[in-house]
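> Given next are the chains, with one letter for each unit.
2 protein chains.
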Amino acid sequence: MIIEKALIVDPIEGEFTGDIEFDKKIINVKKYDCTPKLLLMPGFVDTHTHGYMGIDCMTATDKDFNIWGNKVLSNGVTYLFPTTVSHSFEVLNNVTQNFSNATHSSLMGLHFEGPFLNKKKAGAQNKAYIQSFNDALPQLKNVKILSFAPELPNSKDLLEKLRKNNIVPSIGHSNANYKIFKEFFDLDVKRITHFPNALSTLHHREVGIVGGVFLHKPYVEIIADFVHSSPEFLKLVYQTLGAKKIILITDSISATGLGDGIYTLGNLLVKVKDNIARLEDGTLAGSTLKFIDGLKNFKKATNCSLKELSWVSSFNALKNLKIDTGRIKIGYDAKFVLLNQDLNIIDTVV
Amino acid sequence: MIIEKALIVDPIEGEFTGDIEFDKKIINVKKYDCTPKLLLMPGFVDTHTHGYMGIDCMTATDKDFNIWGNKVLSNGVTYLFPTTVSHSFEVLNNVTQNFSNATHSSLMGLHFEGPFLNKKKAGAQNKAYIQSFNDALPQLKNVKILSFAPELPNSKDLLEKLRKNNIVPSIGHSNANYKIFKEFFDLDVKRITHFPNALSTLHHREVGIVGGVFLHKPYVEIIADFVHSSPEFLKLVYQTLGAKKIILITDSISATGLGDGIYTLGNLLVKVKDNIARLEDGTLAGSTLKFIDGLKNFKKATNCSLKELSWVSSFNALKNLKIDTGRIKIGYDAKFVLLNQDLNIIDTVV
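Protein sequences appear in the order of chains A and B. The first sequence begins at 1 in full-length UniProt numbering and counts up by one. The second sequence begins at 1 in full-length UniProt numbering and counts up by one.
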């Protein structure tokens, strides 16, 4: 297959015009001056998503995971990391089992959001299942990311176990003060879950995780739905951390794509109104964001370049997980998104 | 007079070694390589200070102002801007009158902190005197800076009057949201009073003045006493805004230099314990900081260069007020500070 006269965006080489030839891999990249007909970017990576169009990570069968992987292609996502919420080890083990039986090429691994979180920053996580680490872990097969609160007891033991299993630790649902944040940052914990939501805030006498992030610049997951944070906050993150540290995520729940109504997240009731998902007490409960819309929002808030957009939507997430893909270059997987100049998706190639 | 073998710090030319010759003005600057015996920096500027060693701006006589100017020389301050708190126009007019009769060469002008402030962010300002601008103003002779809350009614009219009187407007004791901050920033209001104290905080859905400051980088007054904000916060401000935008102030009250005890600020009771000044309800009520100690703290928190230290302690404040002085250069006023390598003051020359 050949795609001709595209504005190609590679995260390393930047923007250029030309053709690409591919089958499963990219066979040839031909650079030349032309007026491009469409935009070609590496496939998007969603490392934090709880569900989509009626499918919920916690109850999904292997077939559901395959359907999920297929459906989000229309949003440009070619690398998918279904994400759990805090639950019993038994239920989490079921998720791992079902995920491991699924086969869709977009399914890259699981993100365990919890259960070792801080109840004070529970957000829409079910407090009944939030716990401290106590030597036992659920099955970790295919788990690639685990969000945890470092201020809990035994967090360093947990960290050691994650390292042994090649799982990327991410600070989330945490009330850690700056000192604890810095201690774990120095232990190479350099990823933050849905920054700055459910994290200790910036105060001028205790700068918390938000201040720590602005000072030391780890990778941060960002939900660019303009609900979890304002356009100005996104701009501030972009300006302070730079585009190389931002990982766009959706944090989408099963209600995404289905319109307003009553849904569940784990076993908590979620009401979606005007596309905003909340628990009964008003707490935000994930999003109904489609990846491509988060991308458009981020571009709108920051006016970043297309190269930077390829970082925040794809390259940074892969780099953080040490996965060497997501390039538009000979020999790499042919996973990419074709868009028009308004960033509407024309096609997703996998 | 000649000072030989000094490490000279000029805010524009940076660090160099050599001699300077001066009487009232700097007559000659001789640059050459040598092992310096002491450090020579431009005289410090304190644009926000309510009192010192028993003298209170609100009740000071002309003689008191002269004594004040003289006493702070030992802290390196050669440019002094005594600062009022919110009070009746009658009392403010008395302050202006007494200040105008004072003659000490360090007395550069007054800073009116209020009374057009937001009661919700009163801090240690007396709410009984806080008011909205309503066309009337106290006498403005020698007033160089006025702190106000832009979200109050008629703030644009106030701003116009300040401009006509060549008074620098500074946003202070304000609960303005980002939109209002930005509106006034675009009207060239680019100074913030004792950032980030008594200002609207950073929230991810409403970034407030703190977020606006991080995004747009106006001048900010900073009290580097490690009480009004932590070392990490100072580092964050330094990293985000850069040393060219920071104006060190003391915000010192009359208790400064007198030890713990009971004092007043305006006509509110202030208790000083462990050098921290608070109202009875625990609200911070200015500081007991000496300028040189703020300088040392800032250096400790940020590890900035000596050139940058000359900006935050002197040059930025003068530039913001459009006063062309504070250089170590032929023809400029001979106002400078001699320090040892531990930043202890050896002498202040005026």
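Just so you know, these hints were derived from the structure itself, not from any lab. Note that CB positions come from ideal geometry on N, CA and C, so glycine has one too. Incorrect hints may have been included.
Simulated crosslink set (EDC-like; lysine to aspartate or glutamate; CA at most 20 Å straight-line) [claimed, not checked]:
1) A:LYS235 with B:ASP19
2) A:LYS235 with B:ASP10
3) B:LYS300 with A:GLU160
4) B:LYS235 with A:ASP186
5) A:LYS141 with A:GLU160
6) B:LYS235 with A:GLU160
7) A:LYS300 with B:ASP342
8) A:LYS24 with B:GLU183
9) B:LYS217 with B:ASP260
10) B:LYS235 with A:GLU206
11) B:LYS329 with B:ASP19
12) B:LYS322 with B:ASP10
13) A:LYS120 with A:GLU280
Not close to chain B: a few residues of chain A, all C-beta gaps over 10 Å, as computed [as the list claims (entries may be wrong)]:
14) TYR129
15) VAL210
16) HIS228
Not the full set, but computed from the structure, chain A residues with beta-carbon under 7 Å of chain B [to be verified]:
17) LEU7
18) PHE22
19) ILE180
20) HIS216
21) PHE226
> Does each hint fit the structure? Answer for all of them.
Hint check results:
{"no.": "1", "hint": "A:LYS235 with B:ASP19", "verdict": "48 Å, violated"}
{"no.": "2", "hint": "A:LYS235 with B:ASP10", "verdict": "35 Å, violated"}
{"no.": "3", "hint": "B:LYS300 with A:GLU160", "verdict": "34 Å, violated"}
{"no.": "4", "hint": "B:LYS235 with A:ASP186", "verdict": "18 Å, holds"}
{"no.": "5", "hint": "A:LYS141 with A:GLU160", "verdict": "16 Å, holds"}
{"no.": "6", "hint": "B:LYS235 with A:GLU160", "verdict": "31 Å, violated"}
{"no.": "7", "hint": "A:LYS300 with B:ASP342", "verdict": "49 Å, violated"}
{"no.": "8", "hint": "A:LYS24 with B:GLU183", "verdict": "53 Å, violated"}
{"no.": "9", "hint": "B:LYS217 with B:ASP260", "verdict": "36 Å, violated"}
{"no.": "10", "hint": "B:LYS235 with A:GLU206", "verdict": "12 Å, holds"}
{"no.": "11", "hint": "B:LYS329 with B:ASP19", "verdict": "11 Å, holds"}
{"no.": "12", "hint": "B:LYS322 with B:ASP10", "verdict": "17 Å, holds"}
{"no.": "13", "hint": "A:LYS120 with A:GLU280", "verdict": "17 Å, holds"}
{"no.": "14", "hint": "TYR129", "verdict": "26 Å, holds"}
{"no.": "15", "hint": "VAL210", "verdict": "7 Å, violated"}
{"no.": "16", "hint": "HIS228", "verdict": "7 Å, violated"}
{"no.": "17", "hint": "LEU7", "verdict": "30 Å, violated"}
{"no.": "18", "hint": "PHE22", "verdict": "40 Å, violated"}
{"no.": "19", "hint": "ILE180", "verdict": "13 Å, violated"}
{"no.": "20", "hint": "HIS216", "verdict": "10 Å, violated"}
{"no.": "21", "hint": "PHE226", "verdict": "9 Å, violated"}
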